[in-house]
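Asks: Residues per chain, in single letters:
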Amino acid sequence: MIKHHPTFELLKSFVDGELPASLSAGIAIHADMCPTCQHQIAQLTEQVAEANFEFEETFLDRFIVDEGEDIADMPAISFEQMIDNITSTDELVEPEVKTPKQVTFNEQSYVLPTALNNMQFSKTANIGKLSRARIQLDEDEIHTSLLHIAPGGGVPEHTHKGFELTLLLEGSFDDENGHYEKGDFIMLSGDHQHHPVSTEGCLCYTVANDALHFTQGINKLLNPIGSFIY
Amino acid sequence: MQTNLLCTKTNAKSIKMSNEIDHAQLCLKLNAVAQKRDKQAFTVLFKFFAPKILRIARGKFPNEAQANEVVQETMSNVWRKAHLFNADKGAATTWVYTVMRNVTFDMLRKIKGNKEDNLSDDIWPIAESMVSEDDCYDDHLAQDNLLNVIDSLPEAQREVVKGFYFMEMSQEQLAIKLNLPLGTIKSRLRLALAKLKVQLGEDHD
Ligand SMILES: [Zn+2]
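Residue numbers (full-length UniProt numbering), protein chains in the order written: chain A, 1 to 230; chain B, 1 to 205.
Incorrect hints may have been included.
[Unchecked claim] 25 angstroms max Cα-Cα, derived SDA-like pairs, lysine to any residue:
| # | chain 1 | residue 1 | chain 2 | residue 2 |
| --- | --- | --- | --- | --- |
| 1 | B | LYS110 | A | LEU10 |
| 2 | B | LYS81 | A | ASP16 |
| 3 | B | LYS110 | A | GLN120 |
| 4 | B | LYS89 | A | MET33 |
| 5 | B | LYS36 | A | GLU91 |
| 6 | B | LYS39 | A | LEU92 |
| 7 | B | LYS115 | A | GLU139 |
| 8 | B | LYS89 | A | PRO95 |
| 9 | B | LYS47 | A | ASP140 |
| 10 | B | LYS39 | A | ASP90 |
| 11 | A | LYS101 | B | ILE126 |
| 12 | B | LYS81 | B | VAL149 |
| 13 | B | LYS81 | A | ILE83 |
| 14 | B | LYS177 | A | LYS3 |
| 15 | B | LYS115 | A | ASN118 |
| 16 | B | LYS36 | A | SER189 |
| 17 | B | LYS110 | A | ASN117 |
| 18 | A | LYS12 | B | GLY113 |
| 19 | A | LYS12 | B | VAL149 |
| 20 | B | LYS115 | A | SER88 |
| 21 | A | LYS12 | B | PRO154 |
| 22 | A | LYS101 | A | PHE121 |
| 23 | B | LYS39 | A | SER78 |
| 24 | B | LYS115 | A | ASP210 |
| 25 | A | LYS161 | B | GLY113 |
| 26 | A | LYS3 | B | LEU196 |
| 27 | B | LYS81 | A | VAL93 |
| 28 | B | LYS186 | A | SER189 |
| 29 | B | LYS89 | A | PHE8 |
| 30 | B | LYS81 | A | LEU44 |
Worth flagging that the hints you see were computed from the coordinates, not collected in a lab. None of the values given here were measured: they were computed from a predicted structure.
Modelling step: build the complete structure from the supplied sequences, incorporating the hints.
Replies: Encoded structure:
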């Protein structure tokens, strides 16, 4: 059962379309597996839509005194022309049929969530029981990947300076805070330390905005490869 | 059978300080566009939505041409994809909002990252963007209804929360519009959010 969900603030920003693609996709994937969040997103969307399209006259008149300019009257854009232009064709657009992508890790193939359909993946890199395929979203310091942990593998204890999202797509893992299963949305901030281990193996969608920083003993030697994993 | 029976009202409670949206009317027009390619109906929708979309887009795109493009793209999708709207699943406003948000998201990504991958429809599929009103979650989530919770806030906090979350005004803008010190806006917002979190049952870790 899913126990870890995005916060209310994240869901709200998701609905507003204000999160980067990496995190938006993460929330969409989680919501596909989590009826509770799906429902909350539907409600939020309805309310934000209502507010966006309703406030115009009254709320705006009360609060926004924008040098008295009325956007509807501005000459820069001709609504009549736009209407003619748009309705000049009667063609309907059918939604594209979505065929989910598949990936193979450790000789096992996985069907990926449709939210990742149009994303480009780099070649898989392997280190021990970890395999990682970077997803090319080009969001500056934010790195998005598929991370596969083979049975018995794990990520050495580490912290990170920014945030780290781990979304379990298949399988399960454990860390000092508990047990995580398919669908769990685990968002950690820089002050958390953890050491995930996967007995049965797992596939995760990960988003992080900085390299990992290994904290313990000999693992500190791993710091140069911290950026490998996330 | 009356056609407007096919149009469900939005679940969202109307926000008291504003005009009610005529949801049944918008829904009928959207269906007329879908089924009859009705240009008059589209014009009604256009006049209702376009100025609002333009205002919202101007908040997100400093460039006027880009804001106009959001209106053009959104309304064009409304015309060409109206048949994907399902009145059983929610209000026309929700559907149009989804179309607008997706257009905006893809455009921002194109401008900022120079990426033309149009991911929005994979993230928020417009054909299935709404959850049915009669699904089993309604009952026990009824009290989670965000607007009910917001409406239970003291007036001063409610105003700030609505401005901040629904109008997407900055704290600074709100301070000016409400003629209050910035500190007051911040503390009202903080108090209100704390209450919302408790009432929405979010677990703190
Ligand atoms: Zn959830």
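Asks: Decide, hint by hint, whether the structure agrees.
Replies: Going through the hints against the structure:
no., hint, in the structure
1, LYS110(B) with LEU10(A), "holds, 23 angstroms"
2, LYS81(B) with ASP16(A), "holds, 21 angstroms"
3, LYS110(B) with GLN120(A), "holds, 16 angstroms"
4, LYS89(B) with MET33(A), "holds, 19 angstroms"
5, LYS36(B) with GLU91(A), "holds, 12 angstroms"
6, LYS39(B) with LEU92(A), "holds, 14 angstroms"
7, LYS115(B) with GLU139(A), "holds, 10 angstroms"
8, LYS89(B) with PRO95(A), "holds, 18 angstroms"
9, LYS47(B) with ASP140(A), "violated, 39 angstroms"
10, LYS39(B) with ASP90(A), "holds, 10 angstroms"
11, LYS101(A) with ILE126(B), "holds, 20 angstroms"
12, LYS81(B) with VAL149(B), "violated, 34 angstroms"
13, LYS81(B) with ILE83(A), "holds, 15 angstroms"
14, LYS177(B) with LYS3(A), "violated, 41 angstroms"
15, LYS115(B) with ASN118(A), "holds, 12 angstroms"
16, LYS36(B) with SER189(A), "violated, 52 angstroms"
17, LYS110(B) with ASN117(A), "holds, 18 angstroms"
18, LYS12(A) with GLY113(B), "holds, 23 angstroms"
19, LYS12(A) with VAL149(B), "holds, 15 angstroms"
20, LYS115(B) with SER88(A), "violated, 29 angstroms"
21, LYS12(A) with PRO154(B), "holds, 22 angstroms"
22, LYS101(A) with PHE121(A), "holds, 11 angstroms"
23, LYS39(B) with SER78(A), "holds, 17 angstroms"
24, LYS115(B) with ASP210(A), "holds, 22 angstroms"
25, LYS161(A) with GLY113(B), "holds, 24 angstroms"
26, LYS3(A) with LEU196(B), "holds, 21 angstroms"
27, LYS81(B) with VAL93(A), "holds, 6 angstroms"
28, LYS186(B) with SER189(A), "holds, 23 angstroms"
29, LYS89(B) with PHE8(A), "holds, 23 angstroms"
30, LYS81(B) with LEU44(A), "holds, 23 angstroms"
Of the numbered hints given earlier, the model fails hints 9, 12, 14, 16 and 20; all others are met.
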